[in-house]
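Asks: In order, the protein sequence lines correspond to chains A and B. According to the numbering used here, the first sequence is numbered sequentially starting from 1. According to the numbering used here, the second sequence is numbered sequentially starting from 1.
Everything labelled a hint here was simulated from the structure, so no lab data went into it. Built from N, CA and C at the ideal position, the CB exists for glycine as well. Errors might be hidden in some of the hints.
Stated by the list, open to error - Covered stretches of chain A, going by a simulated chain B footprint (3 or more residues, C-beta under 8 Å):
| no. | segment |
| --- | --- |
| 1 | 76 to 85 |
| 2 | 215 to 221 |
| 3 | 249 to 258 |
Claimed, not checked - So these bits of chain A aren't anywhere near chain B, every CB distance computed over 12 Å:
| no. | residue |
| --- | --- |
| 4 | Asn300 |
| 5 | Asp377 |
| 6 | Trp591 |
| 7 | Asn612 |
Unchecked claim - To give a feel for the contact side, a few chain B residues facing chain A, derived at Cβ under 10 Å:
| no. | residue |
| --- | --- |
| 8 | Pro104 |
| 9 | Ala106 |
| 10 | Ile148 |
| 11 | Glu272 |
| 12 | Ile321 |
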Amino acid sequence: MPDTPFETPPKHGWTSPFSGRHRWMGLTGLGLMGASLSLPAFGEEAWPTEQDYFMDLPVALTATRLQQPLIEAPASVTVIDRDWISGSQARDIHELLRMAPGFVIGAANGGRPIVTYHGFSEQFVRQLQVLVDGRSIYTSINGGTQWGILDLTPDDIERIEVIRGPNAAAYGSNSFFAIINILTRHSAETQGNRLTTRLGSNGVRDLRWRHGGSTEHSHYRVAMQRKEDDGFRDKNDHRRIDTFSARSDWDALPGIGITTQVGLGQSRKGIDGVRGAIGAQPNREFTRDFGHLQLQLQDNRDPDTTHRVQYYFQFHDLEDDFETVNADGQRNTATLESRAQRHDLELESSHRLSPDARIVYGGSARLDRSASSYYFDDGGWIENNFYRVFGHWEWSPTAQWLVNLGGMYEYNDITGDNLMPRAAFVYLPHPEHSLRLVASRATRTPSLAEEELRIVDRSRPGDERVLAESQGGLAPEIIHSLELGYHGRFADGRLTADVKLFRNQLRDLIQVPYDSFHLFETQGEFRNIGGLTLQGVETQWDYRPTPHLRLLAGFALLTTSGVDTDARPQADSIPGHTANLGVMFTPDAPWTLSAEYYHYGSIDWLDDPVQNSPSLDAGDGFLDLNIARDLGPHASVALSVKDVLASGFDSRVDGPSSTGNRRSTETYLSLSLEF
Amino acid sequence: MERFSPFNTHTLRGVGRRSWASGRFWLNASLARLCLGMAIWMGLGMGQTALAQGLDGAAPTATHFQRIIFLASADSPLHQEVFQGLARTLPRDKEPVFTAMESPDAALWIQSADCHNCLIITSGTRAAESAQSQTRKARVLSITVPTISYERVMGSRDDDPRFAAIFMDIPLERRMEIVRRHVPVLHRFAIVQSPGFGTNLDNTSLREKDDPQSLLRFAAEEDDLIPTFIRASREADAIITVPDRRIYNPRTIVSIMMTTYRQGTPLIGHSEALHRAGALMSIHSPPQALGREAGQFIQSLNGPDGWVAVRRHTQVHQVSINHQVARSLRITVEEP
Numbered sequence: 001m002p003d004t005p006f007e008t009p010p011k012h013g014w015t016s017p018f019s020g021r022h023r024w025m026g027l028t029g030l031g032l033m034g035a036s037l038s039l040p041a042f043g044e045e046a047w048p049t050e051q052d053y054f055m056d057l058p059v060a061l062t063a064t065r066l067q068q069p070l071i072e073a074p075a076s077v078t079v080i081d082r083d084w085i086s087g088s089q090a091r092d093i094h095e096l097l098r099m100a101p102g103f104v105i106g107a108a109n110g111g112r113p114i115v116t117y118h119g120f121s122e123q124f125v126r127q128l129q130v131l132v133d134g135r136s137i138y139t140s141i142n143g144g145t146q147w148g149i150l151d152l153t154p155d156d157i158e159r160i161e162v163i164r165g166p167n168a169a170a171y172g173s174n175s176f177f178a179i180i181n182i183l184t185r186h187s188a189e190t191q192g193n194r195l196t197t198r199l200g201s202n203g204v205r206d207l208r209w210r211h212g213g214s215t216e217h218s219h220y221r222v223a224m225q226r227k228e229d230d231g232f233r234d235k236n237d238h239r240r241i242d243t244f245s246a247r248s249d250w251d252a253l254p255g256i257g258i259t260t261q262v263g264l265g266q267s268r269k270g271i272d273g274v275r276g277a278i279g280a281q282p283n284r285e286f287t288r289d290f291g292h293l294q295l296q297l298q299d300n301r302d303p304d305t306t307h308r309v310q311y312y313f314q315f316h317d318l319e320d321d322f323e324t325v326n327a328d329g330q331r332n333t334a335t336l337e338s339r340a341q342r343h344d345l346e347l348e349s350s351h352r353l354s355p356d357a358r359i360v361y362g363g364s365a366r367l368d369r370s371a372s373s374y375y376f377d378d379g380g381w382i383e384n385n386f387y388r389v390f391g392h393w394e395w396s397p398t399a400q401w402l403v404n405l406g407g408m409y410e411y412n413d414i415t416g417d418n419l420m421p422r423a424a425f426v427y428l429p430h431p432e433h434s435l436r437l438v439a440s441r442a443t444r445t446p447s448l449a450e451e452e453l454r455i456v457d458r459s460r461p462g463d464e465r466v467l468a469e470s471q472g473g474l475a476p477e478i479i480h481s482l483e484l485g486y487h488g489r490f491a492d493g494r495l496t497a498d499v500k501l502f503r504n505q506l507r508d509l510i511q512v513p514y515d516s517f518h519l520f521e522t523q524g525e526f527r528n529i530g531g532l533t534l535q536g537v538e539t540q541w542d543y544r545p546t547p548h549l550r551l552l553a554g555f556a557l558l559t560t561s562g563v564d565t566d567a568r569p570q571a572d573s574i575p576g577h578t579a580n581l582g583v584m585f586t587p588d589a590p591w592t593l594s595a596e597y598y599h600y601g602s603i604d605w606l607d608d609p610v611q612n613s614p615s616l617d618a619g620d621g622f623l624d625l626n627i628a629r630d631l632g633p634h635a636s637v638a639l640s641v642k643d644v645l646a647s648g649f650d651s652r653v654d655g656p657s658s659t660g661n662r663r664s665t666e667t668y669l670s671l672s673l674e675f
Numbered sequence: 001m002e003r004f005s006p007f008n009t010h011t012l013r014g015v016g017r018r019s020w021a022s023g024r025f026w027l028n029a030s031l032a033r034l035c036l037g038m039a040i041w042m043g044l045g046m047g048q049t050a051l052a053q054g055l056d057g058a059a060p061t062a063t064h065f066q067r068i069i070f071l072a073s074a075d076s077p078l079h080q081e082v083f084q085g086l087a088r089t090l091p092r093d094k095e096p097v098f099t100a101m102e103s104p105d106a107a108l109w110i111q112s113a114d115c116h117n118c119l120i121i122t123s124g125t126r127a128a129e130s131a132q133s134q135t136r137k138a139r140v141l142s143i144t145v146p147t148i149s150y151e152r153v154m155g156s157r158d159d160d161p162r163f164a165a166i167f168m169d170i171p172l173e174r175r176m177e178i179v180r181r182h183v184p185v186l187h188r189f190a191i192v193q194s195p196g197f198g199t200n201l202d203n204t205s206l207r208e209k210d211d212p213q214s215l216l217r218f219a220a221e222e223d224d225l226i227p228t229f230i231r232a233s234r235e236a237d238a239i240i241t242v243p244d245r246r247i248y249n250p251r252t253i254v255s256i257m258m259t260t261y262r263q264g265t266p267l268i269g270h271s272e273a274l275h276r277a278g279a280l281m282s283i284h285s286p287p288q289a290l291g292r293e294a295g296q297f298i299q300s301l302n303g304p305d306g307w308v309a310v311r312r313h314t315q316v317h318q319v320s321i322n323h324q325v326a327r328s329l330r331i332t333v334e335e336p
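Whole structure, please, built from the sequences with the hints as guidance.
Replies: What follows is the structure in structure tokens.
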């Protein structure tokens, strides 16, 4: 469903992050950060003293920052590491996910990227959980992730761990097909000033300033950025995003750290109008305000025992007034207003019980609330409370075996009780090779819109029509997953390979009445109906033949079986294959060359606004080329050519009432200065 | 930590740490200063007599030092822990008196203990420096002090038999030997240090002194800290840290840890804090153990007549292993 189905000129300009109803959040965050900065500076001594042996130091490699060796991981994991991120010249984070096998990166429009794994391709991909430093950015109204308005840039990212497979046992419901776990860089690693600008074709105009500083017991960074482009060509598809973000890492006591993160932003996005006699909409621009406050306390005094307490609040507001024409040719002003908020409190502990055993356990409470005069007709607040407890036990009975047993119990107001267990067995016949068998059950909780939606056409006074309505009482979507995988390291670790065979049985799929949204039917409703089995093989390779060359490759082959008639749209939205290849070459110290190519098979997009449109694939594929050069220790320049093989459309084709996403080759130049 | 005036012969045994700002201790301190003022008014010699009487109230038993003073560089938890380790080793009736450099009566304490049969135990570099310059007769045992700092402090009096020291640092060769015992696959180590750190030799001379098959040295300035660690990580199996605060400090440690972790190269630390911060292992001497070791040394002397001007490294160390880091880096750590 569209998140802004109607259009009007913007009525809101940029507002200060410290004004309005959420100003307390920015001020609280900055207040906490300020508290951590008022500490004395670190002194210098000419030669070592006893203090150098007993100096308090921040904990750098916390349990969350340490990566489990992939060879022992009880899941298929793709790690997009700092080296690749910095060399890829990616402008947005979602671009980096092309290097994860099984993923399709598409676009509903220029400002709304789509990231799907194993299909179910639509603009609100509800089967993927996305976390930023443990904060779920899965949206509560429609589900899915708003990739286009993240207040992060690749420069902020330490690494991205993509867990390819369900893992609701660890991450809760909606961790259904995969989990994208984004870890940002510690503020100690982003010290000094950095100015980055990017100029290019199609209106690319980016400017970002970041400042990092420190005191004896804390590090911090603040960043402001503006990002602009014109989106897809031949459309009213421009976007402008202004964001402010800040992070402070305060070592309150030896081994105890408090991390505070604040983000505030506003986006202005052009929406292409809808042509036609009924439901015609003009080109317009709407605005979104978004932000978050995250507080995390970690007790790492004993490296074998870690405790973490986390609270975060985030919001996402959209307000849009626009004019439309009804069947009688009368002009009406419609209002789309939606507000979504989330409060989340989580506690987690991990203990090393013995050299061979470890447990992780915890619990969380979450409140998702939303109000929208458009989605929920009356505009009142609708809430969903989540309560979770989880536990995992890892045991290595011998050097060759690793057993992972765990699960999560979740209660939420929509679906009630849910149990999401997982069992994994990893066998290492050789220190460089492992086999894994993973069985799990996961659920996807209906979004607030799916459960409570009621969209009413009030364009004709006295003749109101319900366009779409949920009957409520939806059950969760359920997946039973079985995976057999192999992970191997060759050539002294310079080559790693991972292959998995999997079989996912899905049932109680929630059917969304997209035709109603696109006005092809007068009424539609959400239903739990349909199931299918998705199976396939997936592989990824990471090879560093020389210190100057790195190759990443991935391939997935997907098929469906046992598809119910009602689940046919979902089955048709799964590509038959995905393939990706990345090359990074540093022939000489100041130069870095990189190329990324990816391709996917035919997809029938679930929410395709064009009725009976043909399946769409990646054509000749997507190819990006980058060349970067260091201009000394504090400056670098890069030239990027995006979508070199552009032809046809990306995710959306031209239709009688809408304009498709026509692909085009774009170029931009980036310059970074540190001072 | 309870403060002690020269007129208070209590020791720290069993006394919890307290804030100087608390009312009770403020009162004690005020009284102490008042008494100190009276002592000065009555004449320093008279005051010293009173001090001696106060201290000599209990006759020496296990040791024959007339007076034992524990002089700390600071009234900090570190030196308090060292003191507690020391006090628990000595007989209850001969526990030394704790005083710290910043204490207004520290100088008076030093003066009162500057006799032939007295022992001043210094904890910390500043305390060692102070005892070196302010005493003429007392035996001085310096602990909780790095070798290089002690040698600089002693200067020309390096061979004075009144001065003994147990250095807190564990020699590099010993640390490497311990690491190899726990992780036999680590053969080649790298040290990253600021130019001229810990030696009078230049880096070229140092490199000539080291065996390049087992130890590589890298000099890093503030500007090229991370590139230096990347180079060191690529050339060595592990990086062994040194107490060089221009390299390892709260501002830099996260970047250093993350950089070496990305390279898959472990850090071998010299402190408990480095172990917690993310070093694969740390080889260090806990403060209480340093105090206990000093106490055992004093017990072995049998008083001033048995005084030995020992200068040696501590013989106690603790190996702390960060199993999470070991696992993440796929390093097997053995427990020999």
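Asks: Does Ala106(B) pass the interface check with chain A, least Cβ-Cβ distance below 10 Å?
Replies: Nearest chain A Cβ about 17 Å off; hint violated.
Asks: Should the label of Asn300(A) as a non-interface residue stand, given a Cβ cut-off of 12 Å to chain B?
Replies: Its Cβ does come within 12 Å of chain B, the nearest being 6 Å, so this is violated.
Asks: Regarding the assertion that Asp377(A) does not contact chain B, is the least Cβ-Cβ distance greater than 12 Å?
Replies: holds, 50 Å
Asks: Holds or violated: is the Cβ of Pro104(B) closer than 10 Å to a Cβ in chain A?
Replies: violated, 23 Å
Asks: Given as covered by chain B, does the segment 215 to 221 of chain A meet the bar of three residues or more with CB within less than 8 Å?
Replies: holds (count 3)
Asks: Any Cβ of chain B at or closer than 12 Å to Trp591(A), or is the non-interface label fine?
Replies: holds, 17 Å
Asks: Report holds if the minimum CB distance from Asn612(A) to chain B is greater than 12 Å, and violated otherwise.
Replies: Answer for Asn612(A): holds, closest chain B Cβ roughly 50 Å.
Asks: Once the shortest beta carbon distance from Glu272(B) to chain A is found, is it less than 10 Å?
Replies: Since the shortest Cβ distance to chain A is 8 Å, the answer is holds.
Asks: Quick check on the hint: Ile321(B) CB to chain A CB, less than 10 Å?
Replies: holds, 9 Å
Asks: Examine the segment 249 to 258 of chain A: at least three residues should have C-beta closer than 8 Å to a C-beta of chain B.
Replies: It holds, with 4 qualifying residues against the three required.
Asks: Count the residues of the segment 76 to 85 of chain A with a beta-carbon closer than 8 Å to any beta-carbon of chain B: does the count reach three?
Replies: holds (count 3)
Asks: Would the stated hint for Ile148(B) survive a check requiring a Cβ distance to chain A of less than 10 Å?
Replies: Holds, because the Cβ-Cβ distance from Ile148(B) to chain A comes to roughly 6 Å (cut-off 10 Å).
Violation of the numbered hints given earlier is confined to hints 4, 8 and 9; the remaining hints are satisfied by the structure.
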